[in-house]
Structure formats: structure tokens, C-alpha cells
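Engineer: Letter by letter, the chains look like this.
Number of protein chains: 2
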Amino acid sequence: MKALTVSKIGGNIAESPEKLDAFCKQFAASPSPKILVHGGGVLASEIQKKFGMVPNMIDGRRVTDAETLRITVMAYAGWCNKNIVATLRKYGCNAIGLAGCDASIIKAGKRAPLNGIDYGFVGDVTPGCVNTEVLETLLSAGLVPVLCSIVHDGNGQLLNTNADTVASSVAAAMGAGLDCVFEHAGVLLDQNDPESLVNELSYSEFKALQAAGTISGGMIPKLENGFKALELGASSVNIGKTILKI
Amino acid sequence: MKALTVSKIGGNIAESPEKLDAFCKQFAASPSPKILVHGGGVLASEIQKKFGMVPNMIDGRRVTDAETLRITVMAYAGWCNKNIVATLRKYGCNAIGLAGCDASIIKAGKRAPLNGIDYGFVGDVTPGCVNTEVLETLLSAGLVPVLCSIVHDGNGQLLNTNADTVASSVAAAMGAGLDCVFEHAGVLLDQNDPESLVNELSYSEFKALQAAGTISGGMIPKLENGFKALELGASSVNIGKTILKI
Numbered sequence: 001m002k003a004l005t006v007s008k009i010g011g012n013i014a015e016s017p018e019k020l021d022a023f024c025k026q027f028a029a030s031p032s033p034k035i036l037v038h039g040g041g042v043l044a045s046e047i048q049k050k051f052g053m054v055p056n057m058i059d060g061r062r063v064t065d066a067e068t069l070r071i072t073v074m075a076y077a078g079w080c081n082k083n084i085v086a087t088l089r090k091y092g093c094n095a096i097g098l099a100g101c102d103a104s105i106i107k108a109g110k111r112a113p114l115n116g117i118d119y120g121f122v123g124d125v126t127p128g129c130v131n132t133e134v135l136e137t138l139l140s141a142g143l144v145p146v147l148c149s150i151v152h153d154g155n156g157q158l159l160n161t162n163a164d165t166v167a168s169s170v171a172a173a174m175g176a177g178l179d180c181v182f183e184h185a186g187v188l189l190d191q192n193d194p195e196s197l198v199n200e201l202s203y204s205e206f207k208a209l210q211a212a213g214t215i216s217g218g219m220i221p222k223l224e225n226g227f228k229a230l231e232l233g234a235s236s237v238n239i240g241k242t243i244l245k246i
Numbered sequence: 001m002k003a004l005t006v007s008k009i010g011g012n013i014a015e016s017p018e019k020l021d022a023f024c025k026q027f028a029a030s031p032s033p034k035i036l037v038h039g040g041g042v043l044a045s046e047i048q049k050k051f052g053m054v055p056n057m058i059d060g061r062r063v064t065d066a067e068t069l070r071i072t073v074m075a076y077a078g079w080c081n082k083n084i085v086a087t088l089r090k091y092g093c094n095a096i097g098l099a100g101c102d103a104s105i106i107k108a109g110k111r112a113p114l115n116g117i118d119y120g121f122v123g124d125v126t127p128g129c130v131n132t133e134v135l136e137t138l139l140s141a142g143l144v145p146v147l148c149s150i151v152h153d154g155n156g157q158l159l160n161t162n163a164d165t166v167a168s169s170v171a172a173a174m175g176a177g178l179d180c181v182f183e184h185a186g187v188l189l190d191q192n193d194p195e196s197l198v199n200e201l202s203y204s205e206f207k208a209l210q211a212a213g214t215i216s217g218g219m220i221p222k223l224e225n226g227f228k229a230l231e232l233g234a235s236s237v238n239i240g241k242t243i244l245k246i
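If you read the sequences in order, they're chains B and D.
Mapping to the working numbering: the first sequence position 117 is 117, numbers consecutive.
Mapping to the working numbering: the second sequence position 90 is 90, numbers consecutive.
What the hints contain is simulated information worked out from the structure, not anything from laboratory work.
Keep in mind that the hints are not guaranteed to be accurate.
Because identical chains share one entry, a pair is satisfied inside a single copy or across any pair of copies.
Unchecked claim - With a cut-off of at most 16 Å between alpha-carbon atoms, the simulated EDC-like pairs for lysine to aspartate or glutamate come out as follows:
1) K50 <-> E67
2) K110 <-> E205
3) K90 <-> D153
4) K241 <-> E200
5) K228 <-> D124
6) K241 <-> E195
Please take these sequences and the hints and turn them into a complete structure.
Structural biologist: This is the structure we're talking about:
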């Protein structure tokens, strides 16, 4: 089998009809085996607000009570997943939309309260949680798994998790390349200058740029996650056009 | 391969935690190849109301504008589907939750306006719409497809449809037995007397009972659908404990 790629798209693509269509057209055209990972946080927050709820995010992770879980499952595994699959089918991609509970692709533990914070129905995913055998079966049948970041505990409980972590864990477990499709060209030394793109980044260079304040905010967990995937078995990792090196 | 059964459950089971748990325990225990079909209309109506919308049903079919479509996809393919899958997994069933867009299991046409009524994003499903090859592939891999009544048109458009029609079309296309799991024991001659169960029912007997007013209401489309499945290739059909005969 040709080298497998795990692509991860964020809400800026998954939840914009025009960007999603353009992405799906390009993704469908690649002949290699592939898996697509996504979340659906923008839609989940929109529904929470329509339900009169206030989304409660701590460090980018949604505090998930029973009703919030139902909403995230509806948003991620329902509309976002099936809308992506239908759009991929339009471009001839043999997509199959799944959550981590399906065929037990990802069985995770419920996160224990951390530093006094109970995140509720949130799962912690590691490469060891990934059922690589069933993914191989689906890929061998010529299917393209489209995986949302809803997982289960194996005992009937669905759990909400994070698409970056799902993507890096799947890539590491499958020894695949991880392609984080990103709203910017990649890691930039100057956010306002697309010419300042970093082509290759090592972990020590990342840490130096972080210490200098050049890399900050949401880029830090994204890069930490990418380097972790490399360390745990991903064959390559890129954030946009920036290639990570251990 | 042993004989395949397509089971269809209604909202009374799919949307009641206790009944769903009991059903899943029993369904998981059956060793034969099987497919489960469900909708999610109760939850869809609940969300429509929370969104300040008024569900518009004509002859049991939901008039589906773009926002209603998004809600039905979230309800059927999101919460209902994944909750059923997680519950089946608890009982060791290798369930995989899917909608008709996934692997293009069901590609249908958008219903044309009928008698002046535009149903919107509603699909009409027939046995010819069913991709039997991909269902065989999944079943051969030991997976149990859990299929909700959301389909697609192959050109990027999701469509809402009816779980009874999906179940009968899949059973007919696969030459499978159709088991409509039902809130009553089966077809009753007296709704208040479970002892009045009809063990076997032919189409002419059905029509005579309908003419006499003994069979009425929602039972009529359910039986029409069952007899149609038999006619189009299902190996057997039962509505609860009542076995249909051509």
C-alpha cells in the first residue's frame, strides 16, 4: 500500500461551505490512501447558544456536561461529518464518515478531574487507543475514513475530544504522515508576512522561537501536538507548508 | 454467509435509554449477520422546537427546508446513530454507524413536488438505490452496519428520508429478512387485546382487514411497506411477531 496520510482540517474549512468545497475537490484528487479528521466546534457553540447555554471552554477544551455531549455529537458526527462526506462523494472520493465509537476505532478513557476542573464527558486519546486493524480493513476496501473527534469508552459512553489529538494519535498509530491543513501558509516568523514562512522546524528551534515570543497562542499546542506525533511514530508531520523535524 | 436480517427500530426504542439498552443487549446476542436501521424523528422535532421552529409533517413525512435538514442530520446521523453504536459496543456488537452518504450506501433522488407540496430536501429511496457491494464488504469484515435514514444525491446534497423505506429497500436489495421491531406484539385484531395477535397475514387478508376498519392509521403504511419489501426481494418480513405472506 502507498504511504498513508492523515489530514486534519479545522473549523475554518469544515464549517465554511466554499472553503470545504475547495478543500474536498483537492483532497479527493489525491490518489494515495488517506484519512480525514475534523471536529465541529463552531457549530457546537452555535447550537449551545440557540439552546440558551453558554459554551465553557478551558484551555481550548469544552467542558462537556450531558447536554453539551449530545450537542457535540450532533454537530461533529452529525452535520459536519455527513456534510464533508457528501461533498467528498461529489468529487468521487469513496468517503465513509465515522466517529471513534464506530467499529471501536478509538476507545478512550474519560478524563479524570484535573487541577480541580471536571471536564465532564471528555476523553483522553493516545496512539494506544487507536484500532489500527479496522482502519486497515476499511482502507484496503478502498474507503476513505472521515473521522470526527467523538470517541467512546467501550461501556456505552460517548466522549468528546479534540480533533488535533485524534489526528496525531491516528497518524502515530498508523505510522502515517500527518498533514495539518491550516488557515495560514504554515509557521510564520511574522504573522503579517506570508514570506516569513518557516520551511523546516526542529523541536529546539520551536522552543527557541517560543521563548522569544515569535511563536505564541494557539500555534503552541498545535506544534506540541505535531512534535508528539513525530515522536510517537508518525512518518512525517507538516503544519501547513512547514515540515516538522525531531 | 448465514441469512442476513435487517432490523428496523422506531423512535419508541431508539430514543428511550432503557428500551434502547434492552434492545441492544438482545440484538447484540444474535450471531447472524445483521443490519440495524433507525431514524430520529422525536429528537429532530425536539431540536426544531428549541430553535423556535414548528415541525411540519405531511402524511408522516417531514417537510425539510435547509435548516430542518441540518437538524435531521444532527439528530439521526449524530446523536441517535452514535448513541445506538456506543450502546451496541457495550454488548460486544461490532457496530459501525453510517448514513446513506457514507460509502454511497444509498444514493437517492430529491423528491419532486407532489400534488402541489414541495417536501424540500427529502429523498425517495428504492431497492435500486442501495449499494449492496459495500454492505457485503462491511458484513464480510464482521461489522454490523447501523444505518440512519439520511441519504445523498451523489452531488453533495444530503437528503432526509424515512427509516421504514430505508429498511425495506435494504432488505429487498440484499434479499434479507426484514424485522420491524415494534411497540406492540405485532398486528392485533383488537388494539386493546394482545391475545388478538395475527400470526400470519397475506396481502389480501390485510386489504380485507383495512376495508373493515380493523387495521387503520400508522399500521397501514407500515404494512404496505412490508409487503412491498416482500414483493421486491426480501426473503421474509415480520412486523413484530406477525409474519407477512404475499
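Engineer: Each of the hints needs a verdict: does it hold here or not?
Structural biologist: Here is how each hint holds up against the structure:
{"no.": "1", "hint": "K50 <-> E67", "result": "both (13 Å within a copy, 13 Å between copies)"}
{"no.": "2", "hint": "K110 <-> E205", "result": "neither (34 Å within a copy, 54 Å between copies)"}
{"no.": "3", "hint": "K90 <-> D153", "result": "between (34 Å within a copy, 9 Å between copies)"}
{"no.": "4", "hint": "K241 <-> E200", "result": "within (9 Å within a copy, 66 Å between copies)"}
{"no.": "5", "hint": "K228 <-> D124", "result": "within (15 Å within a copy, 47 Å between copies)"}
{"no.": "6", "hint": "K241 <-> E195", "result": "within (12 Å within a copy, 71 Å between copies)"}
Checked against the numbered hints above, the structure violates only hint 2.
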